[in-house]
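Asks: What follows is the residue order along each chain.
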Amino acid sequence: MTAADLTPKLQEILRSKLRFLSADAAVPMDEDLGKLGLDSMASIDLLMEIEHQLGVQIPDEMMTVDTFSTGNHLLAVIEKLS
Amino acid sequence: MTRSPTPIPPHSDLASLVREGARQWPEREYLRDGSRVLTYAETWLRVACIASWLRARDIGHGDRVVIVMENRIETVLMFFAVAQIGGIAVILHPQMKPEGLQRILDQTEPKLGLLEPATASLRDVFGSTPILWTASEGEALRFEDLPDDSQPAEVPFPGAGDDPAFLVFTSGSTGTPRGVILTHDNVRFVSAAIQARLQYRPEDRVAIFLPLSFDYGLYQLFYAAIAGASVFIGRPEMAGPELPRILAAQEISVLPGVPTLYGGLIKMQRYRPMPLPKIRVITNTGDHLPQSYIASLRELFPQARVHPMYGLTECKRVSILLPEEFEAKPESVGRPLDGTEVFAIDENGQRLPPGERGELCVRGPHLAPGYWRAPEETTKRYPMLDGMRTLRSGDYGSVDADGFLFIHGRSDFLIKHKGHRLSPAEVEEEACRMLGVVAAGCVKDEVKDLLCLFVSVSDSSLDESKIIQALSVKLEPAKVPNRVFFLPELPKTGNQKVDRKALRGLLAEQ
Chain C
1367 MTAADLTPKL QEILRSKLRF LSADAAVPMD EDLGKLGLDS MASIDLLMEI EHQLGVQIPD
1427 EMMTVDTFST GNHLLAVIEK LS
Chain F
2 MTRSPTPIPP HSDLASLVRE GARQWPEREY LRDGSRVLTY AETWLRVACI ASWLRARDIG
62 HGDRVVIVME NRIETVLMFF AVAQIGGIAV ILHPQMKPEG LQRILDQTEP KLGLLEPATA
122 SLRDVFGSTP ILWTASEGEA LRFEDLPDDS QPAEVPFPGA GDDPAFLVFT SGSTGTPRGV
182 ILTHDNVRFV SAAIQARLQY RPEDRVAIFL PLSFDYGLYQ LFYAAIAGAS VFIGRPEMAG
242 PELPRILAAQ EISVLPGVPT LYGGLIKMQR YRPMPLPKIR VITNTGDHLP QSYIASLREL
302 FPQARVHPMY GLTECKRVSI LLPEEFEAKP ESVGRPLDGT EVFAIDENGQ RLPPGERGEL
362 CVRGPHLAPG YWRAPEETTK RYPMLDGMRT LRSGDYGSVD ADGFLFIHGR SDFLIKHKGH
422 RLSPAEVEEE ACRMLGVVAA GCVKDEVKDL LCLFVSVSDS SLDESKIIQA LSVKLEPAKV
482 PNRVFFLPEL PKTGNQKVDR KALRGLLAEQ
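Chains as they are written, first to last, in this note's numbering: chain C, 1367 to 1448; chain F, 2 to 511.
Pulled out of the complex, with its shape left as it was, chain F reads as follows (with noise of 0.2 Å):
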């Protein structure tokens, strides 16, 4: 059954989605965390107390409010509430550390963090900011003693659509962490063409594991207000081998993940299936869903509908496949979103015609402005191409006479072996598709010269030559990798991808 999305008027500010919920449908559920629910009224109230606290603290309009805090039912609230006074919000991953955050802080100049005893070691590097404790004892400024009130001074948002609404931290081509700037308008209108591709119902449940400083996890909370759906704020460490119960005991009926995230759900099943719920949307982003996950997850979820998917933070999202075309393009991570466009450029800046592989290039109203106090960064990124602001994605890819589009890899990390320019993605996936392969990491010795690949395996009779031998039957031989490495479990960044810069900080220890 297709559903048109809801009507959005196309410039509101973003905690609108939450007053708007209120009004629409008060007594549904909006949040839970396992010990507390929360309707779309009881958001609203408590939003609205904090942001009328927010005002009376003098902060206002552009403010920056920084959030380190694990995913918690608060940080929605702040958020919200930051939006609301037309503030900009920062949500930052809990197991930061000092030295980052001091780079960060640097370049916001916060007027309020939040931190909580998860946090309470970063306290120092905030200085003389304000800190809003939540879930700790004798602090002064609590987030448990803020205001309650039955009917709060109603704050109005001061702002404009085109303001900025909060930053996602990515990290920088340079290794300074950047803020990408996401405005109100940016964020209703790609939550908007997101629901009419994933069209979430009243009566979903969407489960948050991922961290919330990760704009795939803070996203949802956009998707599901549109749909009046409800939100499981969960946590990362609960993706583990209690994640079948929890969500069968969530009743969790949409999860989007990155790869490791289903990769640990399929690995558990098959090691000790427990009942799961009907899950009815899966999502993925962040890395290369492989093929033999997604029929796994076919057979784990039989009604479930799979999307691949593709997306940077500097526009959300970029493409959404549906389940119905995966049997034609099974490679690819879909269309653009409706009202979007993208194309592949050449190295002289060039549009390829269709099928040609080069850079990725995206346009639309979900582009973001830039990234925060970095103009240079920002131009480099966003230039003009043919007289219109584009965004280079920096992923080397293609989109095919249909429009559908194909990543071949991220050019960042293009490698460069034996004369061929080779996507370490390419030799990782056709790894993963070996049997007792559970995640590999592919990077160039270019001290040795040599292609290196890392895998973690479920299988202890797997050695070097057996993986080597196997690969060169799948790949061109400039592509087999030369030595390959076990590790007990590939290192991951903060988004879950495999991190081939520290695989290239072990090669020196092999």
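This is chain C alone, in the form it adopts within the complex (with noise of 0.2 Å):
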């Protein structure tokens, strides 16, 4: 998967996890997810989500609050997994 086709995937699963996200509303990818809703079981779930859709596995040691803190240190973590 090259990075273009990476970011409207991950904007889709993330916008399925952002609960205070508007529908009509893009996903900002600069702003903190929490603001946005993520919560920390959200989190998990977007965990999942992520590997399970995108093929990737999540090292334990990126398992920070920093990666899960903005849609692009997501889109980094994972760029960098694919």
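These are computed hints drawn from the structure, not numbers from a lab. On a predicted model such as this, the values are computed, not experimentally measured, just so you know. Note that CB positions come from ideal geometry on N, CA and C, so glycine has one too. Each hint should be verified, as a subset may be incorrect.
What the hints assert, rightly or not - Output of the computed footprint for chain F on chain C, the stretches with three or more beta carbons under 8 Å from beta carbons of chain F: (1) 1373-1380; (2) 1410-1418.
Stated by the list, open to error - Under the rule of at most 20 Å between Cα atoms (straight-line distance), these lysine to aspartate or glutamate pairs were calculated in the EDC-like manner: (3) K1375/C <-> D1396/C; (4) K1401/C <-> E238/F; (5) K330/F <-> E357/F; (6) K1401/C <-> E100/F; (7) K467/F <-> E477/F; (8) K502/F <-> E427/F; (9) K467/F <-> E427/F; (10) K493/F <-> D1398/C; (11) K1401/C <-> E71/F; (12) K1446/C <-> E1417/C; (13) K1446/C <-> E1427/C; (14) K502/F <-> E447/F; (15) K268/F <-> E1417/C; (16) K498/F <-> E427/F; (17) K98/F <-> D1398/C; (18) K1446/C <-> D1426/C; (19) K330/F <-> E427/F; (20) K1375/C <-> E1415/C; (21) K493/F <-> E71/F; (22) K268/F <-> E1415/C; (23) K1401/C <-> D500/F; (24) K98/F <-> E71/F; (25) K268/F <-> D1426/C; (26) K268/F <-> E1427/C; (27) K98/F <-> E1397/C; (28) K98/F <-> D125/F; (29) K1401/C <-> E477/F; (30) K1401/C <-> E447/F.
As the list claims (entries may be wrong) - Pulled a few chain C residues facing chain F out of the computed Cβ check, cut under 8 Å: (31) K1383; (32) G1400; (33) D1426.
Got two chains here, separate frames each, mind docking them using the hints?
Replies: In structure tokens, the structure reads:
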């Protein structure tokens, strides 16, 4: 998967987990995911969806608050893996 | 091995927890946040410096200091410094909205506010109140610039044990947040009584992932100080996929949590098991801990003592179950704290015999004096019953002949449906017992007269008819939901309870 394919796929996954994001708004990649409604439980679901749908496995040492803080942080980690 | 709790002078101020700790075990670690570590002696030194600075700014006995920050060591230091000068600390949730903050500032009229970059947008709400900033460059008044003397002038505690030490704001019955007043005596009594049950040890490291604005998170500081233990100041957002790693890296041995935290941990370990530390004590409050969670936690942490508990901010803690009592009373939230009393009353305020269900009432030295500047609500919640000051919990439960408490639902949220009074908690619990159901919230659609269940599921093959069919086997017909709606995630309140009010809001959209 190329980086260009990756972004919309990740945004699609993110949208389903960000309950404060209105349906017609674009997924802001630099905004704090917590503020967009991603709580700890939802971030576990997000991890599962990313790994399942994008065919990557985020290694243990990258499971940090920072990785799950914004869309772009996640994207950077996934790009490194794929 | 049982240990007697550390003896505590019954009437001493809250800051003495740190002051005494610095005297008794100066070199032991008290606070850590992942990058910094402070011993008891270092903590007290910082607290004493801040206390002296506050006095120099003419902030003293009875003055309020409002802290709106994410969980930080600075929050803890300021909290104890305010206690030392006889002031009243108010720690608020960092995701506080301006409107809510305004209502609290109107009530508390603080002399000082504490903010940080994450809460900087709230600056204007404070108006002319001076703000002390943490981790913010370019501000006039910065926490990092406070005097750092090696021998600060000691500010003696000027108050009395029954003075307010801090306020904990909770959602009131009217929608206006109400500040529960906790006194130095309240806290000292309840912390010792809780420590007598939970028995934290000097070698323990206690993790705080709950916001310090939530009393359950805050009080961990007190229990740890009584035991001479260490506290890891974590944050709620750490309770996601990274939780197992953080628990291991920080060598956590005591984990206080709410059901959603444990739900996440169990889910994560099932999905991808990671090495976990030897956790010794697990406590739950905030909402009912399903038995399936208890079983899973015992598998993940075979050494752990798991304690279901019950409490409300108005007296902090009501009861704690010991693991050895679990087999006999698996659905109980334990016995009342030593030196306190709990009983159920009927609708007429009459005390009910053991085993009968009613509104739970609490008595003891842990009862808060009431709500800040809200005498009417205080009298309503803390009436005189049989000549004794009593806290009406608003929760529906029973006390059995052996003195064990059972919660049958929050009476504020009792549902009347088809002529039955039912507890949404019961329906939710039954739904959560189903394989594949992660969380459930039950509300009444008053317009359509339907009992509705919202669920989030990990098994996508579950559909409405399957859930209704399964529940009809477990619940009386009147308690079986008419409709089931699926959500990726259930809305939660600031205290991590399922937000039934938000669910009722969703009903209008269904």
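Asks: Each hint needs a verdict: does it hold in this structure or not?
Replies: Taking the hints in turn, this is what the structure says about them:
1. 1373-1380: violated (count 0)
2. 1410-1418: Three-residue rule met by the segment 1410-1418 of chain C, so holds; n is 4.
3. K1375/C <-> D1396/C: holds (16 Å)
4. K1401/C <-> E238/F: Status holds; Cα separation ~11 Å.
5. K330/F <-> E357/F: Within the cut-off at roughly 16 Å; holds.
6. K1401/C <-> E100/F: Holds, because 17 Å separates the two Cα atoms, which is no more than 20 Å.
7. K467/F <-> E477/F: It holds: about 17 Å lies between the C-alpha atoms, which stays within 20 Å.
8. K502/F <-> E427/F: holds (17 Å)
9. K467/F <-> E427/F: holds (18 Å)
10. K493/F <-> D1398/C: Judged against 20 Å, a Cα distance of about 19 Å means the pair holds.
11. K1401/C <-> E71/F: Satisfied, since the Cα-Cα distance of roughly 13 Å is no more than 20 Å.
12. K1446/C <-> E1417/C: Roughly 14 Å separates the two Cα atoms, so the pair holds.
13. K1446/C <-> E1427/C: The given pair, whose Cα atoms are some 14 Å apart, holds under the 20 Å limit.
14. K502/F <-> E447/F: holds (13 Å)
15. K268/F <-> E1417/C: Between K268/F and E1417/C the Cα gap is close to 15 Å, so the pair holds against 20 Å.
16. K498/F <-> E427/F: holds (15 Å)
17. K98/F <-> D1398/C: holds (16 Å)
18. K1446/C <-> D1426/C: Holds - the C-alpha atoms of D1426/C and K1446/C are around 14 Å apart, at most 20 Å.
19. K330/F <-> E427/F: At roughly 17 Å apart (the allowed maximum being 20 Å), E427/F and K330/F satisfy the hint.
20. K1375/C <-> E1415/C: Holds, at about 11 Å.
21. K493/F <-> E71/F: holds (19 Å)
22. K268/F <-> E1415/C: holds (14 Å)
23. K1401/C <-> D500/F: Holds, because 18 Å separates the two Cα atoms, which is no more than 20 Å.
24. K98/F <-> E71/F: It holds: about 14 Å lies between the C-alpha atoms, which stays within 20 Å.
25. K268/F <-> D1426/C: holds (16 Å)
26. K268/F <-> E1427/C: Satisfied, since the Cα-Cα distance of roughly 19 Å is no more than 20 Å.
27. K98/F <-> E1397/C: Answer holds: K98/F to E1397/C is near 18 Å, not above 20 Å.
28. K98/F <-> D125/F: Holds, at about 12 Å.
29. K1401/C <-> E477/F: violated (41 Å)
30. K1401/C <-> E447/F: violated (32 Å)
31. K1383: This hint holds: K1383/C lies near chain F, its Cβ roughly 7 Å from the closest one there, short of 8 Å.
32. G1400: holds (6 Å)
33. D1426: holds (6 Å)
Hint check: violations occur at hints 1, 29, 30; the rest are consistent with the structure.
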